[in-house]
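Enquirer: Each chain is listed here by its residues.
2 protein chains.
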Amino acid sequence: MSEAAPQFDAAGFRKALGSFATGVTIITSRDGAGAPVGLTVNSFNSVSLSPPLVLWSLAETSNSLSIFRAATHWAVHVLATDQEALSGRFARRGEDKFAGVEVEAGVGDVPLLRGCSARFQCRTAFQYQGGDHVIFVGEVLAFDRAETAPLVFHAGRYAHATRREASDSAPRNAWLEGSFNEGFLGYLLGRGHLQFFARVRPLLAEEKLSDEEFYLLSTLTLKQRLENDEIEKGLQGISDESRGAALDALHSRGLVQVDATGACQLTPTGSACALRLISAAKAVESQIIDQLGAGEAAALKSLLNRLIHVLDPKVEALWSE
Amino acid sequence: MSEAAPQFDAAGFRKALGSFATGVTIITSRDGAGAPVGLTVNSFNSVSLSPPLVLWSLAETSNSLSIFRAATHWAVHVLATDQEALSGRFARRGEDKFAGVEVEAGVGDVPLLRGCSARFQCRTAFQYQGGDHVIFVGEVLAFDRAETAPLVFHAGRYAHATRREASDSAPRNAWLEGSFNEGFLGYLLGRGHLQFFARVRPLLAEEKLSDEEFYLLSTLTLKQRLENDEIEKGLQGISDESRGAALDALHSRGLVQVDATGACQLTPTGSACALRLISAAKAVESQIIDQLGAGEAAALKSLLNRLIHVLDPKVEALWSE
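Sequences listed follow chains A and B, in order.
Quick note: the first sequence, position 316, residue 316 per UniProt numbering, numbers continuous.
Quick note: the second sequence, position 25, residue 25 per UniProt numbering, numbers continuous.
Calculated directly from the structure, the hints in this document are not laboratory data.
Just to be clear, a hint being listed does not mean it is correct.
Covered stretches of chain A (in silico footprint by chain B; criterion: 3 or more residues with CB under 8 Å from a CB of chain B, positions within the stretch not fixed) [said to hold, decoys possible]:
(1) 16 to 30
(2) 46 to 59
(3) 100 to 111
(4) 194 to 200
(5) 289 to 300
Idealized CB from N, CA, C, for every residue including glycine.
Chain A on its own, in the form it takes in the complex:
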């Protein structure tokens, strides 16, 4: 087998490999002097169930190659969705990667990280040379697992993985062709919003706020002082009359103050009212997130943020300050 032909597009090849989504792992061990070592790796894979074998590969140019070549034991940590920062830290060179990281001692005194989706403690079984990488195959001596959403890598960046329902790709039945059913994004947004809102509405009743007054109040929590056009943008989809009426109502109740230019801000009473609503609404939210799953909720929020950005590319101006 020869080196790749000169016309082989190495950058394109790397990009094509990136089309294959993977989880993200950190492989840890100890060097000859007993110091902990660790690397972020996405070339992990299972090999055999009986005996239990897994593999990963490491570039020959890696600083850590000689350490892993000599190591009798190493551990694979499959990272959870909230471990992106750890992934980044172990992907960089030269840093003291373990500084401030809590570890446990595993088989062969291998340092074990916490909070992962799964961990595999291995004894080196084979090493194979494969081009510019070495393939390490390990026998799994011990493992553990937690029920957490995974960190995923795809196309050169991190990704959320969310469960796919059989119904996602099933054809839609509706008596009226192309009806507004669960395949229509506008319908889902409306229904999701209104149902979520139905849980929050009892809180508004306690505060004697209408829906529009609540929308306005919540928009005013985004920034200390909002210009008239920012309010308009924040309440896009609500008519001018309703917005005006809501503003008048909040103003006359002393919850909002308006200056000569039409810019608004919450009064201390308004802030207090908003804070009561925020904590109550967040309690509703956390109930829902518990049922949906933290990973799914994070992905949903990310996608909604992106949708909002697509619908109005200037929206971030309101949030970034």
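The hints should help you fit chain B onto chain A, whose structure is shown.
Expert: What follows is chain B alone, placed relative to chain A:
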């Protein structure tokens, strides 16, 4: 190296391995008689960039083992998000997997599938024995790639992978602690809905429909005849008065007929009006999906459906008929 100790939990090990998310591939080749063969495999991985090498592994118990052991060439197809059915077909035994599937002839006459995220055409470089599997390492002779969202497998089921934004895990700045910002699901739902709706509203004006009348009309497209309590459920989050007023308005305009029990259905005029709105709204939707990406949109819809189910577990009764 011995077999796993008898107390080794094989089912648990398999489950722990499933914590590592992967893409899904189909590996194809030809048997000695020239018939096409193919398998769904998620043990694919890159090995080396120069020379370009990839690997995958196959159980010793596989019917196809002898074919791949003898094959000089094979191709790896990284599946796209819309190829779940193909994945299922090539994962089952005994079926004529290629029936009705369009293929091209690749290097070594290997059958190549279409519509994939990436394809790698390989010459067998090495085969390694690893426990109960054989590891195949191939030299990549040719590859191609398309810009599509991937099919992902995690925890024993298919998943959506969606891009992760740096801001997803960034701390939120807000002047009022815990404010209703882009971290709050209720806010995102409301904002997404209202902004989406702002694009649809001009269509409603043409049909002289209020927001609530539109919600009611669209709910009535779900099922040919809706009982009163189904309408109430479908319009959850809208007050009884608004719902009643919308129903009266649609009824008096001859768009909806109501029977003695309070059950409603669209009249032919109502259906025609709904169909006009549906096609116009779907045009708005497809613009947005183009910008968001098809894979992201599919994941968003799936998550919203799940959210709606969490908010009201009985909701599917309305859609399943």
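Enquirer: Take the hints in turn and mark each one as holding or not.
Expert: Cross-check of the supplied hints:
1. Three residues within the 8 Å Cβ limit are the bar, and the stretch 16 to 30 of chain A against chain B gives 8, so the coverage statement holds.
2. Figure legend: the stretch 46 to 59 of chain A, annotated as covered by chain B; annotation consistent (11 residues with Cβ-Cβ distances under 8 Å, at least 3 required).
3. Counting residues of the stretch 100 to 111 of chain A whose C-beta sits closer than 8 Å to any C-beta of chain B gives 0, which falls short of three, so the coverage hint is violated.
4. For the stretch 194 to 200 of chain A, the proposed coverage by chain B is satisfied: 7 residues have a C-beta within less than 8 Å of a C-beta in that chain, meeting the threshold of three.
5. For the stretch 289 to 300 of chain A, the proposed coverage by chain B is satisfied: 8 residues have a C-beta within less than 8 Å of a C-beta in that chain, meeting the threshold of three.
Of the numbered hints given earlier, the model fails hint 3 alone.
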